[in-house]
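Protein chains: 2
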Amino acid sequence: MLYIVGFGPGSYEQMTVEADRALQESDLIIGYTTYVDIIRPWFPGKEFLVTPMKQEKERCRIAIEEEKKGKKVSLVCSGDSGIYGMASLVYELAEQEEGFAERIHVIAGVTAAASGGALLGAPLSHDFLTVSLSDLLTPMEVIQNRIRSGAESDTVLCIYNPSSRKRGDYLRMACDIVLEKRSGQTVCGYVQNIGREGEKAVVTTLEELRDTQVDMFTTVFIGNSHTRNIHGKMVTPRGYRLETEKERA
Amino acid sequence: MLYIVGFGPGSYEQMTVEADRALQESDLIIGYTTYVDIIRPWFPGKEFLVTPMKQEKERCRIAIEEEKKGKKVSLVCSGDSGIYGMASLVYELAEQEEGFAERIHVIAGVTAAASGGALLGAPLSHDFLTVSLSDLLTPMEVIQNRIRSGAESDTVLCIYNPSSRKRGDYLRMACDIVLEKRSGQTVCGYVQNIGREGEKAVVTTLEELRDTQVDMFTTVFIGNSHTRNIHGKMVTPRGYRLETEKERA
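Same order as they appear, the protein sequences are chains A and E. Note that the first sequence ends on residue 252 in our numbering; no numbers are left out. Note that the second sequence ends on residue 252 in our numbering; no numbers are left out.
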């Protein structure tokens with residue numbers, strides 16, 4: 004069996020019971036160095052195998068080969084195993100292996116949209132667009148077009164991979180696209196190192212976000228026209244018809 | 004303390020360790036009847052309070068009032084507590100209560116996008132738009148405009164609340180909008196009763212999905228132009244540049 008396990012944002016408590024059990028049962032746990040370093044202390048005595056960043060394909064191939072030797076293998080992803088995770092790559096690589104798809108078991112996890120949202124308040128109570136600013140595998144025009152479509156349709160934006168060493172100004176670019184359609188006072192937020200040392204959640208405005216430097220462990224939220232800052236929390240109402248009208252009147 | 008707890012799709016194993024602990028520690032657990040019926044067997048001896056559907060505001064008010072009596076209260080939501088959950092309504096209702104925001108603790112959960120995606124394969128490995136077809140609180144034009152924007156920007160769509168007794172043809176309406184921009188052979192999927200009795204995951208095409216009757220416990224996934232059906236699984240590649248080009252050549 005090959006488990007593809009999302010272990011959540013980074014604390015043991017934010018992992019599901021199912022993920023915990025799959026990892027406990029595994030003979031071998033494979034992952035990117037940084038993520039294995041996070042979970043290693045939770046599973047003392049386990050066999051781990053790490054591969055560096057950008058070696059995703061190699062990592063998946065090793066997982067498939069080790070499983071074929073008869074081992075129970077877990078391939079770990081932070082957050083969810085599907086949402087910007089490794090599950091799709093495993094299915095693609097295993098396509099030619101007869102009957103292999105049935106030996107793959109995808110175990111969902113709490114993605115940064117949910118865990119980051121919880122820290123900020125409730126930014127995703129209405130429709131949202133999840134978009135990654137990484138253009139390693141996606142043309143920049145496609146990414147920009149998506150951001151524009153989200154901005155035009157007043158959709159909350161949840162941005163993954165907002166920055167990296169080579170892409171220091173991508174978040175500014177994204178904010179500028181949204182600013183064509185939305186006020187600079189739009190309530191925004193960002194979270195860093197969720198569930199880990201250095202955890203930080205900031206509620207801000209779109210014009211301030213534009214000038215903020217973030218790192219690759221950051222998830223960014225841009226509110227819709229109804230998103231509010233309530234006592235320092237980022238809160239998007241569940242609809243466009245006010246539910247608390249009576250209370251406010 | 005008022006916990007707003009997302010307990011995941013519906014099985015104990017898919018709840019986070021943190022959610023489990025918060026519910027164990029609570030003096031009172033409040034929720035919609037159907038959801039309390041799911042979790043009640045996991046917490047024998049606990050005090051539960053149920054309110055019917057569409058009584059969300061009343062439910063939140065009761066939770067706030069009970070917390071003010073000095074109780075540890077949990078308000079439960081299926082999936083995540085933020086994504087189409089109750090967290091925003093609690094913040095809105097508690098806005099006038101001095102210092103109350105600090106007593107609210109939002110606990111994230113595995114939302115249907117992630118848990119449903121895991122059952123289907125890996126449909127959300129690339130950017131996606133999460134949209135609810137419920138027009139109780141949102142004008143239909145806003146919803147349609149969002150679906151159109153997602154269709155035009157080749158974004159994967161993840162549809163919550165695709166149907167109800169009064170909205171039997173809404174999914175067909177959504178599919179028709181996407182069909183203006185995307186092939187009828189686009190790979191789609193839907194999941195029902197995730198983690199519960201009657202769990203079902205179906206991979207299909209957009210033109211077949213259009214003629215499918217689903218219920219309110221269904222989550223629907225519409226792939227982008229690159230989404231594939233791999234041995235019966237719905238798989239969206241992580242980018243637009245094929246990672247397995249060499250293997251296929």
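Just to be clear, a hint being listed does not mean it is correct.
Pairs involving identical chains hold if they fit within one copy or between any two copies, as the list cannot separate such chains.
As the list claims (entries may be wrong) - Below are the DSBU-like pairs computed for lysine-lysine, each with C-alpha atoms no more than 35 Å apart in a straight line:
#1 K57 / K75
#2 K169 / K72
#3 K184 / K75
#4 K72 / K184
#5 K184 / K71
#6 K72 / K203
#7 K57 / K74
#8 K74 / K184
It should be emphasised that the hints constitute simulated quantities derived from the structure, not laboratory data.
Quick rundown of the hints versus the structure:
{"no.": "1", "hint": "K57 / K75", "verdict": "within (24 Å within a copy, 45 Å between copies)"}
{"no.": "2", "hint": "K169 / K72", "verdict": "neither (39 Å within a copy, 53 Å between copies)"}
{"no.": "3", "hint": "K184 / K75", "verdict": "neither (50 Å within a copy, 43 Å between copies)"}
{"no.": "4", "hint": "K72 / K184", "verdict": "neither (55 Å within a copy, 45 Å between copies)"}
{"no.": "5", "hint": "K184 / K71", "verdict": "neither (52 Å within a copy, 42 Å between copies)"}
{"no.": "6", "hint": "K72 / K203", "verdict": "between (43 Å within a copy, 31 Å between copies)"}
{"no.": "7", "hint": "K57 / K74", "verdict": "within (25 Å within a copy, 49 Å between copies)"}
{"no.": "8", "hint": "K74 / K184", "verdict": "neither (53 Å within a copy, 45 Å between copies)"}
Of the hints listed earlier, those the structure fails to meet are numbers 2, 3, 4, 5 and 8, in rising order.
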